[in-house]
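Undergrad: Construct the complete structure from the given sequences, taking the supplied hints into account.
2 protein chains.
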Amino acid sequence: MEQYVGFLAAILGTVCWVPQAWKAWATRDTSGLSLPSNLMFLMTVSLWLVYGLMVGDLPLILANVCGVLAVLSIVSAKLKFG
Amino acid sequence: MEQYVGFLAAILGTVCWVPQAWKAWATRDTSGLSLPSNLMFLMTVSLWLVYGLMVGDLPLILANVCGVLAVLSIVSAKLKFG
Numbered sequence: 001m002e003q004y005v006g007f008l009a010a011i012l013g014t015v016c017w018v019p020q021a022w023k024a025w026a027t028r029d030t031s032g033l034s035l036p037s038n039l040m041f042l043m044t045v046s047l048w049l050v051y052g053l054m055v056g057d058l059p060l061i062l063a064n065v066c067g068v069l070a071v072l073s074i075v076s077a078k079l080k081f082g
Numbered sequence: 083m084e085q086y087v088g089f090l091a092a093i094l095g096t097v098c099w100v101p102q103a104w105k106a107w108a109t110r111d112t113s114g115l116s117l118p119s120n121l122m123f124l125m126t127v128s129l130w131l132v133y134g135l136m137v138g139d140l141p142l143i144l145a146n147v148c149g150v151l152a153v154l155s156i157v158s159a160k161l162k163f164g
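As given, the protein sequences belong to chains A and B, one line each in that order. Each residue of the first sequence is one higher than the last, beginning at 1 in the working numbering. Each residue of the second sequence is one higher than the last, beginning at 83 in the working numbering.
Hints were generated in silico from the structure; no laboratory data involved. Accuracy of the hints is not assured; some may be wrong.
Heads up, simulated SDA-like pairs for lysine to any residue below, C-alpha to C-alpha not over 25 Å straight-line [unchecked claim]: (1) LYS162/B / TRP22/A; (2) LYS160/B / ALA26/A; (3) LYS78/A / VAL132/B; (4) LYS80/A / VAL137/B; (5) LYS160/B / MET40/A; (6) LYS80/A / ARG110/B; (7) LYS78/A / GLY138/B; (8) LYS78/A / LYS162/B; (9) LYS160/B / SER73/A; (10) LYS160/B / PRO19/A; (11) LYS162/B / LEU8/A; (12) LYS80/A / LEU144/B; (13) LYS160/B / ASP29/A; (14) LYS78/A / LEU140/B; (15) LYS160/B / PHE81/A; (16) LYS162/B / GLU2/A; (17) LYS80/A / GLN85/B; (18) LYS160/B / VAL15/A; (19) LYS78/A / LEU117/B; (20) LYS160/B / LEU39/A; (21) LYS78/A / GLU84/B; (22) LYS78/A / LEU94/B; (23) LYS78/A / ASP111/B; (24) LYS80/A / ASP139/B; (25) LYS160/B / ALA21/A; (26) LYS160/B / TRP22/A; (27) LYS160/B / LEU35/A; (28) LYS160/B / LEU12/A; (29) LYS160/B / SER76/A; (30) LYS78/A / GLY114/B; (31) LYS78/A / THR109/B.
Pair ranges (Cβ atoms, derived) [as the list claims (entries may be wrong)]: (32) THR109/B / PRO59/A: 34 to 40 Å; (33) LEU90/B / VAL65/A: 26 to 32 Å; (34) PHE163/B / PHE7/A: 32 to 38 Å; (35) ASP57/A / PHE163/B: 36 to 42 Å.
Example chain B residues on the side facing chain A (calculated, C-beta under 8 Å, incomplete) [what the hints assert, rightly or not]: (36) SER113; (37) SER116; (38) TYR133; (39) GLY138; (40) PRO141.
Remember, it's a predicted structure, so these values are computed and weren't measured experimentally. Note that beta-carbon positions come from the ideal geometry of N, C-alpha and C, so glycine has one too.
TA: What follows is the structure in structure tokens.
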């Protein structure tokens, strides 16, 4: 049972930033996004990716590769549109 | 070494949404925030909290109580200011 909860959390945590990335690029409305928050979150998912690589956990690696890409896209939009 | 990376990721993942929550309430500029993303992320941290309670992992519980509060505050600002 615990595994399913953890698994669902991992999947949801991976896909949840796709709508935000989409919205940022589609509307260019990024003034309300906090750059410090998104940079720290980019660092967070990068660290989880490094951690996944260190312990050799494939689900963690895959989830955080997707996470890094989505958050990188949000940060790029924020830097571009202000 | 792995533990330190995981630990740093967990701490950063907890504090990183505080600036966003602060910004949302201070500026009321929430139009660029994606409601679906933030609702899914609220669900994500809630599930991690449930998972932490299920497996009895105190750091996971503490980190995600803070996470739920920060994200709940962002979602509330988004619902209030649009």
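Undergrad: Take the hints in turn and mark each one as holding or not.
TA: Against the structure, the hints come out as follows:
| no. | hint | verdict |
| --- | --- | --- |
| 1 | LYS162/B / TRP22/A | holds, 22 Å |
| 2 | LYS160/B / ALA26/A | holds, 19 Å |
| 3 | LYS78/A / VAL132/B | violated, 32 Å |
| 4 | LYS80/A / VAL137/B | violated, 42 Å |
| 5 | LYS160/B / MET40/A | holds, 21 Å |
| 6 | LYS80/A / ARG110/B | holds, 22 Å |
| 7 | LYS78/A / GLY138/B | violated, 38 Å |
| 8 | LYS78/A / LYS162/B | holds, 23 Å |
| 9 | LYS160/B / SER73/A | holds, 21 Å |
| 10 | LYS160/B / PRO19/A | holds, 15 Å |
| 11 | LYS162/B / LEU8/A | violated, 28 Å |
| 12 | LYS80/A / LEU144/B | violated, 35 Å |
| 13 | LYS160/B / ASP29/A | holds, 14 Å |
| 14 | LYS78/A / LEU140/B | violated, 35 Å |
| 15 | LYS160/B / PHE81/A | holds, 20 Å |
| 16 | LYS162/B / GLU2/A | violated, 34 Å |
| 17 | LYS80/A / GLN85/B | violated, 35 Å |
| 18 | LYS160/B / VAL15/A | holds, 20 Å |
| 19 | LYS78/A / LEU117/B | holds, 17 Å |
| 20 | LYS160/B / LEU39/A | holds, 21 Å |
| 21 | LYS78/A / GLU84/B | violated, 31 Å |
| 22 | LYS78/A / LEU94/B | holds, 20 Å |
| 23 | LYS78/A / ASP111/B | holds, 14 Å |
| 24 | LYS80/A / ASP139/B | violated, 40 Å |
| 25 | LYS160/B / ALA21/A | holds, 17 Å |
| 26 | LYS160/B / TRP22/A | holds, 17 Å |
| 27 | LYS160/B / LEU35/A | holds, 17 Å |
| 28 | LYS160/B / LEU12/A | holds, 20 Å |
| 29 | LYS160/B / SER76/A | holds, 22 Å |
| 30 | LYS78/A / GLY114/B | holds, 10 Å |
| 31 | LYS78/A / THR109/B | holds, 17 Å |
| 32 | THR109/B / PRO59/A: 34 to 40 Å | holds, 37 Å |
| 33 | LEU90/B / VAL65/A: 26 to 32 Å | violated, 19 Å |
| 34 | PHE163/B / PHE7/A: 32 to 38 Å | holds, 34 Å |
| 35 | ASP57/A / PHE163/B: 36 to 42 Å | holds, 39 Å |
| 36 | SER113 | holds, 6 Å |
| 37 | SER116 | holds, 4 Å |
| 38 | TYR133 | holds, 5 Å |
| 39 | GLY138 | violated, 10 Å |
| 40 | PRO141 | violated, 14 Å |
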